[in-house]
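Here is what each chain is made of, one letter per residue.
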Amino acid sequence: MRETLMDILTDLRPDVDFENETNLISGGILESFDIVSLVSELTDEFDITIRPKDLVPENFNSVDAMLALITKLVEE
Amino acid sequence: MTKNVLEWLEETALQYEDKPAFLDTKDEITFGQVMEQAKAIGSALSEKLKENKAPVAVVAGRNVRTPAAFLGVVYSGRAYAPIDAKLPEQRIFKILKTLQPAAILVDRENKEAIEKLLADGRTQDSEFTQAPLLVIEELKEHVINYTKLACIRRRMVMTDPLYIIFTSGSTGNPKGVMTSHQSLICYINAYSKVMGIDETDRLGNQSPLDYIAAIRDIYLPLKYGCSTVILPKEYFMEPDNLFGCMNEYGVTAVGWSVSAFTVPLSLGAFEDCELTTLRKICFSGSVMPCKCLKVWQEHLPEAKFVNQYGPTEATASCTYYEVDHTVTEDEVLPIGVPYENYKVFLMNEDETETAVGEEGEICVSGPVLALGYYNDPERTAASFIQNPLNPHYQEKIYRTGDIGVLREDGILEFHGRKDRQIKHMGHRVELDEVEYAANQIDGVAESCCIYRKDKEVLYLFYTGEAQKRDVVLELRTVLPGFMVPRKVKPIESMPKLPNGKIDMTTLRDMAK
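In order, the protein sequence lines correspond to chains A and B. Sequence positions in the first sequence follow this note's numbering and run 1 to 76. Sequence positions in the second sequence follow this note's numbering and run 1001 to 1512.
Under the rule of at most 25 Å between Cα atoms (straight-line distance), these lysine-lysine pairs were calculated in the PhoX-like manner:
{"id": "1", "chain 1": "A", "residue 1": "53", "chain 2": "B", "residue 2": "1026"}
{"id": "2", "chain 1": "B", "residue 1": "1291", "chain 2": "A", "residue 2": "53"}
{"id": "3", "chain 1": "B", "residue 1": "1294", "chain 2": "B", "residue 2": "1304"}
{"id": "4", "chain 1": "B", "residue 1": "1094", "chain 2": "B", "residue 2": "1116"}
{"id": "5", "chain 1": "A", "residue 1": "53", "chain 2": "B", "residue 2": "1294"}
{"id": "6", "chain 1": "B", "residue 1": "1233", "chain 2": "A", "residue 2": "53"}
{"id": "7", "chain 1": "B", "residue 1": "1086", "chain 2": "B", "residue 2": "1423"}
{"id": "8", "chain 1": "B", "residue 1": "1094", "chain 2": "B", "residue 2": "1053"}
{"id": "9", "chain 1": "B", "residue 1": "1111", "chain 2": "B", "residue 2": "1050"}
{"id": "10", "chain 1": "B", "residue 1": "1423", "chain 2": "B", "residue 2": "1294"}
{"id": "11", "chain 1": "B", "residue 1": "1116", "chain 2": "B", "residue 2": "1097"}
{"id": "12", "chain 1": "A", "residue 1": "53", "chain 2": "B", "residue 2": "1455"}
{"id": "13", "chain 1": "B", "residue 1": "1396", "chain 2": "B", "residue 2": "1418"}
{"id": "14", "chain 1": "A", "residue 1": "53", "chain 2": "A", "residue 2": "72"}
{"id": "15", "chain 1": "B", "residue 1": "1468", "chain 2": "B", "residue 2": "1496"}
No wet-lab data here; the hints were simulated from the structure. Values in this document were obtained by computation on a predicted structure and should not be read as measured data.
Just chain B, with the same shape it has in the complex (with noise of 0.2 Å):
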C-alpha cells in the first residue's frame, strides 16, 4: 500500500529516469532531474528550518520547475501550500498570514515582488514576516542529506496533509484547505481508474498549480510514468494555436474546467483546426452546457467524456459520470456515481437522510475528507461535523452546500447551490466576497454582486460616491482576476423588498 506519494515518484524515477514528467513550450523536466531536486530541496529544508512542523509556501510561476519544489517541501516532511505568484499582493498577504509558514520558497522571478510585500507587511507587524525567504534555484543545487531524508520518511504516515490549497471564503478571508497524502493517493486511483491513465498518456494542463484541478496533473504523471504537458494560458484564448500545441505534443489526456471547453468554442474552435491525438476527457467545475459538449463529442467520436462532480473539501471530487451517448442540445448531465473509497449520499435540512427522487444536500465523508481549514478551528468545525445519521461513533462529514437528487438507477443529479456560491469559468467565487471587498472601498455605501450565467459575467452594482474606475482598481488589489466584476454599475439607490433585503430580481433585470 503506498503511503506517501515520494514513493510513487521514486519508482516511477527509478523507471523513467529520463522520460520528461513535465513539458511546456520552452522547458522540460525528466522524471531523474525532479527527484533529484526534490531531495536536494527537501535536504535543504530541513536543515535550514526549525523543526516544527508548520507548512511551506510556494510562490512560483507556472512552469515545469515548480512540481519539484512542491515535491522539495514533500520531502523535508512538511505540507506545501502553493500560491500562484500572478494574484494580487494583498491576496498572498492574507493568505501567508493565515498560513504562519515556516519558510517562503519562491523563485527568483518573483523574488523581488515577495522581499517588497514581506518589507511592506513587516511595517503591519505580521508574524509570518519573519519566515525566511528562500529561492528554489539556490535550494535545488544543495547537498542531498539522504539519512536526513530517511529519517523523516520513517515518521510520516499517511494521513499526514501534504497540501494546503486556498478557495474563496465568504468573510473575505480565503479559506486554506488542507489534504492528506491518503486522500490525494485515493482520488488519483479512483481518477485514473475511471479515465483509463497509462505511462502512454500525455496530459494537458489547463489550470495554474494552486489550483486543485492541477493536483491531476502534477500527481498522475508520477504514479504512471505518463507526462504533463503545461499548456499556455494565452492559448485558451487563441483556439488554432490551443489545438495546434495539443496536436504537435500529442495530448492524449486532460481533465479541465468547463470554461476551457466553452471559451474556445465560444471563439471558433474546431473550424479550421481539428484535435487529432485526444482521447481521454474530463470536464469539471460548473454545469456543462450540453450544446458545447455536443460539438465536441461530435468532433471527437473516440473521445471518452467524464463528468466530474465535486469540492476541494473531498479532493477535487465526490462523483462522476462517463457519458455514454452523445448528447442533445437541450440535456442536463447527472453527476452520477461516487469514485471508488468516496461516501457519498443526500441529507435533508433536518438531518434526516433524503429519500429516493427528492431534493437534499449532498454530503460526503471517507478517506478523500480533506483534514480540514488550515489555522481556522471555527471554520472547520462549521463544516466538517459529525455524520447526523450515524450517533454510534465518530465519522467526519463534509456539508458540500449544493443540492442533489439520487435517481431511482442510484445515478446522482445536481441541482444547484444552497448559498451564494457560484462557479464562474470554473472558479469558485463567494459573491459574498466580491462584495465583502467591494464595501471596504472608501465611497462604497453598499453593493450588490450577480452572475449572469448564460453570459459568464461578473456584475457589480453599488452605491456611494465612489467612481467606477477607483472600485475596479481597487477590487484588482484585492481580489484575484476572475473575481473581479467585468461590469461594475453605479446606482442610485439598491433597489429592497419590503422586509428589507436586497431586491435580487430588479438587480437581475438590471443586469442585461
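Bound-form chain A, shown alone (with noise of 0.2 Å):
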C-alpha cells in the first residue's frame, strides 16, 4: 500500500520530499490543485469514500498519516 501511494504523490508532486515531509498541509506544501487529483486518485486506487471530516491537516499532513487514514477507510 505504501509503495502505492508513494507512486500516486510523486507523479503528482515529484518536487516534494514525501519520504521526510511531516507538514505537507499546514505548511502549504500541498495545494487545493494536489489535493483534489489526490483525493480522486485515492478513491479510485483503494476503494475508499474519503469524507469532508476525513479532511483535515492531520490526516495529510504525512505520508504515515494518509497511510492510516487509508487503512482505516479500507477496513470501514
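Two chains, two frames, a set of hints: combine them into the complex.
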C-alpha cells in the first residue's frame, strides 16, 4: 500500500520529499490543485470514500498519516 | 463624484472608526487603523522617494495588514503593484524587471527572501535591484505629513493609475495590467448595485491579495463600511473547516472563482455541514458547471447567485447574469448583460459588427478599460485598439479574445476562447507560457501543454533527455504553482499532423 501511495504522490508532485516531510498541509506544500487530484486518485485506487471530516491537516500532513487514514477507511 | 479611492476610506473611517475592516483567524484591523497606517506609509514614501511617478511593488503575505500597505502607496500618489510573496522567485524577478519600481515595500516576514532575490539580481545587472527595499512595519510608524499628503492629493486625477496586477502572458513574460481609480470606482459601484452590498455585510475573501478577484474584498469595505474576512487558503481543501469558519464569522457575501465552489463540493461539502449566514454569491473566472451550482442552490435556497464574466483588462468584469431559477444539471449559464458603465459588443474577424444570434469576439469599452500593460507599449497597442466600428473619434476598446453570441433577448452567451488561454481553477493560464517555460529547460526538445477541463488537470508532454522530476522542479522555479502541470509525460516523439503542427487530438487521447 505504501508503495502505491508513494507512486501516486511522486507522480503528482515530484518536487516534494514525501519520505521525510511531515508538514504537507500545514506548511502549505500541497495546494488545492494537489488535494483534488489526490483525493480522486486515492478513491479510485483503494476503493475508499474520503469524507469531508477526513479532510483535516492531521490526515494529510505526512505519508504515514495518509496511510493510517487509508487503512482505516479500507477497513470501514 | 468620487475621484479617488482614498475618499472612500476617509469617509468610512470617520463613520466606522473602530469597526474591523479586515479580519482573519488570528488578527483584525479597524478602518481607523487602516487609514492611520496608510497615511503613515504614504508620508514615509513621499519623503523617501524621488519625485518620479514610478509604481511601488508591495511584496507581502495574505493577511489583514497588507491592504493598508497598498493604500499607503496610493497616499504617496503612486500606483501599487501587489505581488504575493508566495510566488516563485524567478516570477517575482520577472515582474520587478518589467515594473522598474520606485521602491519595493515588503513585510518583515518576507524581507530576507526579497533581499536575497535582489542580491542575486545585482549580478545580472538589472536596474530595479537598485530600488530601495522598505519594510512595511517600519513605515507605518512614520509621522504623518498632512501637508504633503494634501498636496499630493490635489494633484491627483481620477484617471491616475491605482494598481498594476500581473497576469499570464503567452511569451513567457507576465503582463502588468494597469487600472485607474476611475475604472475601479465604476466596477465597485456596478458590482455592489447588482449584489446589494451594504455596511451589514461580511465578505469572505478567497483569492490571494495580488489577484484581480481581491479588489472586491479590498474596496467594498472602504466604500460601504462592511468587513472582509480573509479565509485561510487551506480551508478550501477542508470543507467542514471552511463552512465552520464562515458561519462563525457570519460571512454573508462572497465573490469567488468557480473552483472555490467546485473544489469543496468535490471534497464532500454540505455532507455534514451547512452554511448558515451566506446570502450573496458571485462566481467568476471560468464556466460554472451547473451540476455544482445546483447543489449550492439547493443548500442555499435564499441566496442570490450571480455569474460574472470579464477580464482583468476591463477591471475584472464585463457582464453579469443573475441566476433567476434553480438550474438543471445539463444547463449552460449565459454571461448576461453588461454592468453599469461597461459597453460590451461583438465583432467579426473582418472588424464588422456581429449580427444577433451569431458568434463574434467579445469587445469592451468605457471608463472601465485598463490604462494598458505597464512598460509594454507593443502588447498594449495590440490589445487596446481604436474601435474599428467607430471611424469618427478616438474610442479605445479591448478585444477579449473570447467568443460570444448575443441572443434575441439581449443576453450574452459565452462560446469559448479564440486562442490557447484557459482558466484553470480560477486562474488565467496561457498554455503557450507553460510550453515556453518547459522549452527553456535543458534536455527538453519539444513540449505541448494540454488542459483536461473535466478533471481540472494540466498535462505536459515533452520529448528529450530530461528527467520528469527535473522538468517539474525546474518549472516550479519559474511558474506559479497553479501553472505547473500535475501530469508530466515524457514521450518518444511528438505526434504531428501532415502540415507539421502538433496533433492535439492524439495528445488529448493520451491524456487519459
